[in-house]
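Participant: So the protein lines, in turn, are chains A and B. Mapping of the first sequence onto the working numbering: position 26 corresponds to residue 26, and the numbering continues sequentially without gaps. Mapping of the second sequence onto the working numbering: position 54 corresponds to residue 1054, and the numbering continues sequentially without gaps.
Hints are supplied without guarantee of correctness; some may be wrong.
Computed beta-carbon distance windows for the label pairs [unchecked claim]:
1) B/1043 / A/63: 26 to 32 Å
2) A/7 / B/1039: 28 to 34 Å
3) A/5 / B/1037: 32 to 38 Å
4) B/1035 / A/21: 39 to 45 Å
5) B/1172 / A/13: 44 to 50 Å
6) B/1080 / A/28: 14 to 20 Å
Derived, one-sided and incomplete: chain B residues facing chain A with beta-carbon distance under 7 Å [claimed, not checked]:
7) 1065
8) 1127
9) 1151
Non-contacting residues of chain B with respect to chain A, defined by C-beta distances greater than 12 Å in every case (computed) [to be verified]:
10) 1035
11) 1039
12) 1046
13) 1050
14) 1072
15) 1120
16) 1157
17) 1172
Note that these hints are calculated values from the structure, not bench results. Backbone N, C-alpha and C define an ideal beta-carbon position, used for all residues, glycine too.
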Amino acid sequence: MNDVDSVADVIAVACLLVGAFFCLTAGVGLLRFPDVLSRMHAGTKPQVVGVLLIMVGAAIRLTGSSVTWMLLLVAAFQLLTAPVSAHLVSRIAYRRRHVRRDLLLVDELGGGPRARPGAPRGDEPADGVDQAGR
Amino acid sequence: MTTPEVAVRRLRNQVPLLVSLVLVWNLLWGTWSWANLLSGTVVAVAVTWLLPLPPVTGGLRFHPVAVLRFVGHFVADLAASSAQVAWEAIRPRGMPHGAIISVQLRTDSDLLLTMIAESLCLVPGSIVIDLDREERVFGLHLLAVRDHAEVDAQRRRVLETEERVVRAFGSAAEIAALDQQPDQPERRPAGSAP
């Protein structure tokens, strides 16, 4: 093994380890964060970076193999899909009021555009807490 | 307007999608060959014909320098916000407060708004909860904020992200719209306790 190979190996190992660490913190965040919206943060940012770093590390180790192109695809689709799923889950969680309002510093949507009189509110549960009594 | 013209225009709108589908197909096979290209084209045409999507109007433009700036900021922000969320996850003491804010944007293009929403989910400590398309208002959840100054700082970073995306991919008119309303209309936080 020559010097170039060993340098590349060190970089690959560093990428794999740091990526694995970020994935671990994403899992820990899912357990420790208090509500759905916070958990979605853990499910997007450290998770995406972790996957990206692991893909980079694997691509360095597997240079020249046709698998590297699939790693590129995995990274691209991870970047595209993680925000969309996080957005959908948080949107539904907010509309179904699975939000720990006591943990919020500001809530500008509560009295926001959708609270104007006459706006359809059919997507909210009938037994939801009143706006004023949150 | 005759039917062939409509068909040609629809085809031109579909070309980027077709090309990217063929590219994905070739990447999945992992090797380049004419057989892959042909079969990829067949699959792409079949997919777009069987599962038609609404056309995306108003194509993207590329301003290379601004795209580089956007990508650079994006990567740096992604690393920074991941480190921040990772720290919030493993720090021994509990989390500070979250916040839900609404931000008035200045862009009026479906595609650009989609890109802004996607990059906002990944970068500056926020998740898009809601998007009022007609009024161009984003609802965002912020993970860890300590006081109102930090909320305002996050709001500024959202607008900066919007500006970078529009300057990188927007048309001349959309870039001009950024400067027309330099100060965003103040949205009073409803029901926020000081």
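Participant: Work down the list of hints and note, for each, if the structure agrees.
Facilitator: Going through the hints against the structure:
1. Taking the beta carbon of each, residue 1043 of chain B and residue 63 of chain A are about 29 Å apart, inside 26 to 32 Å as hinted.
2. Between residue 7 of chain A and residue 1039 of chain B the Cβ separation comes to about 40 Å, which falls outside the hinted range of 28 to 34 Å.
3. Take residue 5 of chain A and residue 1037 of chain B: their Cβ atoms lie about 34 Å apart, and the range 32 to 38 Å holds.
4. Between residue 1035 of chain B and residue 21 of chain A the C-beta distance comes to about 42 Å, which sits within the given range of 39 to 45 Å.
5. In this structure the hint that residue 1172 of chain B and residue 13 of chain A lie 44 to 50 Å apart at CB holds, the actual value being about 47 Å.
6. Restraint check, residue 1080 of chain B to residue 28 of chain A: a C-beta distance of roughly 19 Å satisfies the suggested window 14 to 20 Å.
7. Hint status for residue 1065 of chain B relative to chain A: violated, with the closest Cβ pair at about 22 Å, above 7 Å.
8. Evaluation of the residue 1127 of chain B hint against chain A yields a held restraint, the C-beta minimum of about 5 Å falling below 7 Å.
9. For residue 1151 of chain B, the shortest C-beta to C-beta distance to chain A is roughly 6 Å, which falls under 7 Å, so the interface hint holds.
10. Every C-beta of chain A lies more than 12 Å from that of residue 1035 of chain B, the closest at about 15 Å, which supports listing it as non-interface.
11. At roughly 16 Å, the least C-beta separation between residue 1039 of chain B and chain A is larger than 12 Å, which holds for a residue marked as non-interface.
12. At the 12 Å boundary, the C-beta of residue 1046 of chain B stays outside the reach of chain A, the nearest C-beta of that chain being 20 Å off.
13. Taking the minimum C-beta to C-beta distance to chain A, about 21 Å, the non-interface status of residue 1050 of chain B holds against the 12 Å cut.
14. Against the 12 Å criterion, residue 1072 of chain B stays outside the reach of chain A, whose nearest CB is about 15 Å from its own CB.
15. With 12 Å as the threshold on Cβ separation, the claim that residue 1120 of chain B sits away from chain A is violated: the shortest Cβ distance comes to roughly 8 Å.
16. At the 12 Å boundary, the C-beta of residue 1157 of chain B stays outside the reach of chain A, the nearest C-beta of that chain being 14 Å off.
17. Annotated as non-interface, residue 1172 of chain B keeps its C-beta farther than 12 Å from every C-beta of chain A; the closest such distance is 27 Å.
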